[in-house]
Structures are given as structure tokens and as C-alpha cells.
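Trainee: Read off the chains here:
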Amino acid sequence: MRTGAAQGYQGYYHEAVCYSSDDELLDVVVPFLTEGLKVGEPTIVALGERNAALVSSAMADPAGLAYLSGPVYNRPPGAIASYQKLLAQHVAAGAGQIRIIGEFAPAAFDPAVWHWWARYESAINLAFDDYPLWSMCAYDTRSTPSYVMSDVLCTHPRMATAGGLHPEIPQYQPPASFLARPRPVRHDPLLASAPLIELTDPVLEAARAAVSKVSPPGISPNSVDDLTVAVNEAVTNAMRHGKGPVHVRYRAAADRVIVSVSDQGNGPPDPLAGLVAPKVPIGGLGLWLMHQLCDYVLLDHTPEGFSVHLTVGVPR
Amino acid sequence: VRRSEVLDEHPCWVYDDAAGFQAAARDFLARGLDSGERVLFIGPGTETDLLAQMGDITGFSTSVENGAAKVIPLSGAYSGGTVDPQGQVQTYAAATDEAIAQGYAGLRVAADVTSYVRTPSQVDNFARYEHLIGRYMAENPFSGMCGYSRQELPESTIAELECLHPGGNSSLAGFRLYPVSANGEVALTGELDFASRELLAKALEHADLKPVDGELRIDGAELRFIDHRAILRLSAYAQERDAKAVLRCDLPVVSRLAELVGAANLRVELTA
Chain B
1 MRTGAAQGYQ GYYHEAVCYS SDDELLDVVV PFLTEGLKVG EPTIVALGER NAALVSSAMA
61 DPAGLAYLSG PVYNRPPGAI ASYQKLLAQH VAAGAGQIRI IGEFAPAAFD PAVWHWWARY
121 ESAINLAFDD YPLWSMCAYD TRSTPSYVMS DVLCTHPRMA TAGGLHPEIP QYQPPASFLA
181 RPRPVRHDPL LASAPLIELT DPVLEAARAA VSKVSPPGIS PNSVDDLTVA VNEAVTNAMR
241 HGKGPVHVRY RAAADRVIVS VSDQGNGPPD PLAGLVAPKV PIGGLGLWLM HQLCDYVLLD
301 HTPEGFSVHL TVGVPR
Chain S
1001 VRRSEVLDEH PCWVYDDAAG FQAAARDFLA RGLDSGERVL FIGPGTETDL LAQMGDITGF
1061 STSVENGAAK VIPLSGAYSG GTVDPQGQVQ TYAAATDEAI AQGYAGLRVA ADVTSYVRTP
1121 SQVDNFARYE HLIGRYMAEN PFSGMCGYSR QELPESTIAE LECLHPGGNS SLAGFRLYPV
1181 SANGEVALTG ELDFASRELL AKALEHADLK PVDGELRIDG AELRFIDHRA ILRLSAYAQE
1241 RDAKAVLRCD LPVVSRLAEL VGAANLRVEL TA
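Residue numbers (the working numbering), protein chains in the order written: chain B, 1 to 316; chain S, 1001 to 1272.
If we strip away everything but chain B, and leave its shape as in the complex, we get:
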């Protein structure tokens, strides 16, 4: 059974908390968590260390809160998969609703990687909709960049505000339209340089072999292997589903390798592609694996076609 603002709601009740002071955050979050504990719902805190301590010290009885931290927000598809697993476990154990308060580590707001976290915020509206989840995503308006705030408004159907209000956000766009809409993307400056290697319609073996050729010593062998798998999947997809010719461009700096796979097609038709593991594990896994194995993946729809930029190392 659903309780609180989500009473009677089916699926994922996804809210943003946009606060500008500790008090404002606590005014929203403390009642949310207190009520969850009171009615016996799994009540989970996925905040950074500072805010987790702040919230728990403000609660009259924080015992019973569950805490999540660290690798949950490592990569979007990993975060989605681990939350789905957690939610499924609670539902199987009989939970009528699960409450989560979460926030990103500041690193997610880095312009070099925000794009895939914006896609995450949109995709979870669908990916978590099978579960009776009520979650709040906390954003500190004092420190969150404006490009992030504008995506937050487009990806959260509702806002949770002090005083127990839950207004709908007028800028909200369902994932199918938010994710499909061509958005201005920020390119790693390395992409402006000439590729170290460029291959056109390569056989898969050659596309894979070039990865280790361009990888500098600072990139770990595991990362090189992961990127090799990702490149193999990207080239396979471009050849099977894209429109040739397929261009593969390899660039590297001391701290990262970027491989860009481009074709003249429209890219994946499913806006969730890459972020959520397909239900049937045959086909459609390629893009999801790229997102799992790389440190950053940028899907780039351009007038010329579709490119996927795969980065291991430190995205910039």
C-alpha cells in the first residue's frame, strides 16, 4: 500500500528537492523519512556523507534508516541495475512502498559527464516504474550548475517543497521525448584534435586491435580491455543497425582514450538504450555494455548521423 503523497499512485513517484539551505532540505526530508519509518516502509538514505549526517542528526529516531553510498552512482546503468535489484528485493519481502532520498556526488555535475547523468534522471522514470518507489533527488541550488538545474526540471515530474507540497513541474518531459530530443552536447576537447588512428568499415578484429595501439601507459590494462569490448560492440552495432560507411576514430591523451564510432544512421530508436539492460538478454546488450564498461559514453546525434564517443580514463 502506498502512503503519504504517493498514496494511490502506481509506479515510480519521482521528485526533486531543490533547496538553498540546510533547514530547507531538512524541512522536506525529515518528515519524509520519519513517516516512512513510522509506517514500516524501507526508508533509505543515499546522500553524501555530510548530508547523511545532517539528516540523521535532525531525526528524532534515525534508527531503522538504511544508508547507501559510494559505488551506487558510479555509472548510470550500474546505478539503475543496483537500484532495480534493491527495489525488487524489498518488493519480494512485502514492501508496499520504498522511500529513498538521494543526491549525486558533485563529480556528476562535471560538464564532461553530466550528459549521461541527465539521461539517467530521465530514464529512471521508466526504469523504476515497475516498483512502488517514492524517491526524492536533492539538489543544492547554491552549488548546482545552471545547466544541471535546467535538466533537473525536465526530468522530475514533481517537486517536493517545504510545507509538504508536491507540485508538478511544468518543464517535465517524459523520457521518450527528453531522451530522443537532440540536445546540445559538450564534447571533450580531445575530440577537436586529429585522430591517432582512423578506420573506415574495419573488420571487428582490426577495430579492436587499434585500441591497445593508441592506449597510453597510464591507462590500466583492465580499462584497455573494457574499452576494447565497448568498441567491438559499437562497431558491431554501427555495421548491423547503422548506415555505412562506419568511421572509427581513436584519440588519446595521457589520462584518457576516446574512441568515436560514427555512421550515417539515426542511432538507437529506443531512448532508454544503453541505460537499462534489455529484458531479453539476446540483442540490445551492446550499448548497455558500453555504458557499463566505459568511464563515459556520449551519444551524439548530428545532422550527419550518429556517433558514440567511448571514453576510458578521466573524461574532460
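You may find that some hints are simply not true.
Unchecked claim - Rough simulated footprint, nothing fancy, chain S against chain B, three-plus residues with beta-carbon under 8 Å:
(1) 203-212
(2) 219-226
(3) 288-295
Don't read these hints as lab results, they were simulated from the structure. Where a beta carbon is used, it is the ideal one built from N, C-alpha and C, also for glycine.
Go by the hints and put chain S onto chain B.
Mentor: Then chain S, alone, in the frame of chain B:
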């Protein structure tokens, strides 16, 4: 497993002209004679033709006279247009036993088998034989070079057969799946990707692996790349046999990949 020996025991030799195969067969058989093995050369043509083709091997005619070497016109060696996989293995096993009993170190055969793989059903049959004879070779002093004509066979047919051999002079399939023990443990080498997915499925069908203690053991020490499709295929193949596939390799990425795609019936054992 004596890997270097296995590699030399069962080469797949893809040739452009008959003279090319004969030259490779001469090298292969001469090594056998040097090691005290009995050698057989099997191919199309008459006995006289075959003797002439091997004539360059030093002492070949003496070897023929004393029984160390023999030439066999093709129809005499196999049972007809279609090989009986199990029966042919037994025939070679008996011939190997006989060679050993007569004081030879083993038996070594070079055969042009092009004419046995002209139709799809012949190919299926012969591919099964290739796997079974590989099992026998893995633990017995028997070795064989299989010759396939590039002029007479489609590349897809050659690739289907090539990938069941541990070695040879071609690399069409990109990977190899071959026995390393008599009970069917196999080695999987090379690179497996979207381009080889159908060949892998066929190779697994031809190998028809039987679980030992609920496991299909796969030696991936010389595996260089395997994509998620091949990982899922191995897992599904093991599941069809109520078994777990156990892939031993030194590629941590394979372990990560198997976990990510949820290959429930495949376990990766990292050796490094």
C-alpha cells in the same frame, strides 16, 4: 596438456593446388618417419600417383618396402562418400594399436579429404569426425593432417572445418575449438565476435560436448577475445546439457562481461 604437440598433431591444411598440399604432407610425414612413426598418405589418384607425390621424402620407397610408410588411394581409406565418424576413429585406433604393436612410435596420416565435404550433410558428418578424431589424438600417438582444397570448396565450408583443428595454415574462422582430452575437454582459442557467431554455434553442435561431473571444461588459455554473444552461447549450450561451462582463461574482462550479461551457466576461472 602437451599443447605444442597437440598443435602439430592435427593441422588443417588449406591448399590452392594439389602440389601445395603434397609438399605440406611430405614435410608432415617426413617428421613422422624421423620420429619412428608409421606414416600413411591418403589422396585421390592411384597408388603409383601417390607414391610419386611422396617420392621426394628421403628413403620413402624403402619405408614403403619395410612397412613404415604406406600410400592409400582415397576410396580405400574412408568407407565411401560419407564418413562414419565413430567407425573411422575406431579404424584409426586399430591401425595405431597395430603400429605400436609392430614397434612404431605411433601412426601419422596426411589425407586430402576435400571429396568428403562437398554437401552440407557430408560437412556435418565430417565435422563431427574431426572433433572425435581430435579427442583420440589428444591422448594417443596418432596424428593427422587434413587437406582441404580452396579451389573446390566454399570458404564457409573450410571455415566450419578449420575451426575444429588446433592449428594449420589458414585463419578463416578467427577462433578454434578442439579437444584436449579424450573425455571431451576442449580448448577455445583466438577471437570470437559477431562475425564468428554462427561458426561457433556450429562448432559447438559438431563437438556435441558431454558434461563431466556436471561441467563442460573449456581451456581458454589462448583465447584473445570473446564477445557477450559467444559468452551467452556457451552458457546456453551448457544449460541445454544441464551443465555449467567452466571457462579457464587469463582475461579478467571475460569475467566482468559474463557477470554483466548474467551468463548463468558459465563460470569464468581466472588463471592469472
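Trainee: Run every hint past the structure and note whether it holds.
Mentor: For each hint, the structure was consulted:
no.: 1; hint: 203-212; result: holds (count 4)
no.: 2; hint: 219-226; result: holds (count 3)
no.: 3; hint: 288-295; result: holds (count 3)
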